[in-house]
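Undergrad: The whole structure should be built from the sequences, with the hints applied where relevant.
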Amino acid sequence: MATAEEIYAKMQVSIEDYDRDAAVAAAQEAVAAGLDPLVAVESGFAQPIRKLGEAFDRMEIFLPQLVMAADAMKAGMDVLEEAMKAGGGALENKGVVVLGTVEGDIHDIGKTVVGAMLQANGYEVHDLGVEVPSTRFIQAAQEAGADVIAMSALLSTTMLFQRDVVELLRNKGLAEKHFVIVGGAPVTQAWADEIGANAYARDAVEAVKVLDGRRGEWAK
Amino acid sequence: MNFKEVAKRAETGPLMEANDFLMQRVAANVVKLQKEYDVRWDGKTLVNLDDDLADRCWAAGKELLLTSGLYSMNSRRVIEFSPEEVEHALRFAPSRLTMGEGKDVITIHHRDVEDSRLPFVFSGPFNADTHEDMFVKLNEAFAQERIIDCLFLPGYLKELDGLMIRPNSGLSSRAAVLYGQWSREAVRRAGRPGMPICGHAVMALNEIACTNEAWGLRQTDPRAMVFISELQVDDVTLTRLAYYAAYGCPLYLGFTPLVGGYGGGPDGTAIVAAASFVAGAVLGFEICHIGPQHLKYKQQTNNHSLFLGSLANQATNRNSHIITTTSHTTAGRPGSDQYPYEFSALALSVVPSGSNVSGPRPAEPLGFNNVSPLMARLFAEVAQAAAGMNREKAALIVEQLYEKYKDKIEFKEAPKGQPFEELYDVDTLRPTPEHQATYERVREELIRLGVPLA
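Those sequence lines, one after another, are chains L and C. Using numbering that gives the first Met the number 0, the first residue of the first sequence is number 0, and each one after it goes up by one. Using numbering that gives the first Met the number 0, the first residue of the second sequence is number 0, and each one after it goes up by one.
Calculated from the structure, these hints are not laboratory results. It is possible that some hints are incorrect.
With a straight-line Cα cutoff of 27 Å, these simulated DSSO-like cross-link-like pairs (lysine-lysine) come out [to be verified]:
id : chain 1 : residue 1 : chain 2 : residue 2
1  : L       : Lys50     : C       : Lys43
2  : C       : Lys297    : L       : Lys208
3  : L       : Lys208    : C       : Lys407
4  : L       : Lys219    : L       : Lys208
5  : C       : Lys411    : L       : Lys50
6  : C       : Lys295    : L       : Lys73
7  : C       : Lys295    : C       : Lys43
8  : L       : Lys93     : C       : Lys295
TA: So, in structure tokens, the structure goes:
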């Protein structure tokens, strides 16, 4: 039987190779070997995904690689999660994020990058896609027990739907329940302040930094 | 291709999720084709000088479109094309197109690489957010610059009657009507009543409401539509295409291949760009505009985008007679020296690569009215000066210009500049002495660097 270090190495390589099947196989091997899933996540998946995130920020790898790596990690994490559940535990994530591009806006890529980076950094991400109606953000956040609602708007003409979500949360008495972070090409800190969003991030790397750094404001 | 066939395939093509199209068709095929055709960036070149690389990029781009198709975002179906259909579309794509009315009629041409013919200049607010009380003045100030051939995207009305405009709303429809009326009024005031206006009134289907032969945008005005990155089209664009094609308007396509996105680096993304040019021709667009975007820098004058713009344009202009144009967005803003240095670098990269020009404007996030007609004049002068320039000479100037701003292309570091109302006397529509001095100073510097502006 492989040692723990050998299994962790397989897990690392699966992420570096963006190999979903290999990530699942390595995670299954970790479970079969009786390794602590929490330690396996940190030693096997977390390190390479962080490195890939940094490489992405330096433009050494690109969106497809980041998405494939995040996808491989999620598949492997699902295996470890199942094992934890079977033992009566749960695999901890940093937080639950509901993410989408606002109503009237069909731009997908910026939001997808943010989702992949958050996922790569240990967040559970529920990607609602594009043209997400304001009420859908709130409904999905309630259903997922989300800590964070993250909204992208690429057009100056669709930014106002970010305002509507914040206003709806306030009107429903849910403003304290969900931390709202906004972004997108025309969005600024001033706009976030104006509409009462909790935070603004210019890009995916900053989104991770902001949520990590302000964990105390949203973690339940 | 007949629009009837495009519409049919948008309803009958292979059904798949967007992510699968982007990952399995676009990204996977780009990796394969990049290797097969050896389309590589050396990590240094700002202006491509390699004709064979351009030709390989073109071949890879055509094959990418044939293997990937065009994704219909709303029906979730792939519009696929045969090699015969692509060749037919390229054969019959127009190489010249006339627009405007009366004495303001003007013709845009396909340009070859290092073509001595002047590039056609699309310039205007370029859909920067524009205040309603400044809309006519700002556009008049652009239209009075005779070097501008077509008033370009006269500015988004983000607010009206003190309210933010919701897409598809009644207010949005009113904004579209006013966009048409005020754009026409602006060119009339400038003494160019038939000047073509390339329009895109609001980001929704009610954009069509700006169309009217008497007071709005006319049959002779090009209408701008967009693909979504990468190789995706939505129902709004297809609907507008159906209408404007039937109405007889010149059809202007914009697409924004994204470096760092599904095409990968600048080399892979150039393949996507070439595929997008071909897709535009197949759908019947007559002017195809590349806006080389960047995932990290959000503007178009970084080293990756400079190379991408030059390579994709050369690929297309060496191998087809598609009429191409390139948009110019910058990190620096009007009022700063960096703004003209940036747009000059990109113009000097793409005009010798066969492109016409569209722009300039700063990248988002951007305040209201943050564009300058005087800088548009300089932009047009530089673009015209680049006509007939060989790529080697242009590359040397681009390298010097790039050195001037390369450390300030991140939004945080870029100069913030000033809006139109601070750069101009809005009563006389003349630039302030300070803004005029910036123009003169940068112009002198460009001449010193070898741009033949004198």
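Undergrad: Next, verify each hint and record whether it holds.
TA: So, going through the hints one by one against the coordinates:
Taking the CA atoms of L/Lys50 and C/Lys43, the gap is near 25 Å; set against the 27 Å cutoff, the hint holds. Distance check on the hinted pair: C/Lys297 and L/Lys208 sit about 19 Å apart at the alpha-carbon level, within 27 Å; holds. Restraint check: the Cα-Cα separation between L/Lys208 and C/Lys407 comes to about 22 Å, which is no more than 27 Å; the hinted pair holds. Between L/Lys219 and L/Lys208 the CA atoms are separated by roughly 18 Å; this keeps the pair inside 27 Å, and the hint holds.
Straight-line distance between C-alpha atoms of C/Lys411 and L/Lys50 comes to about 25 Å, which keeps the hinted pair within the 27 Å bound. Of the supplied pair hints, the one linking C/Lys295 and L/Lys73 holds, its CA atoms being roughly 25 Å apart against a limit of 27 Å. Only pairs whose Cα atoms come within 27 Å are accepted, and C/Lys295 paired with C/Lys43 is accepted, the gap being roughly 18 Å. Taken as a hint, the L/Lys93 and C/Lys295 pair is honoured in the structure, with Cα atoms around 25 Å apart against an allowance of 27 Å.
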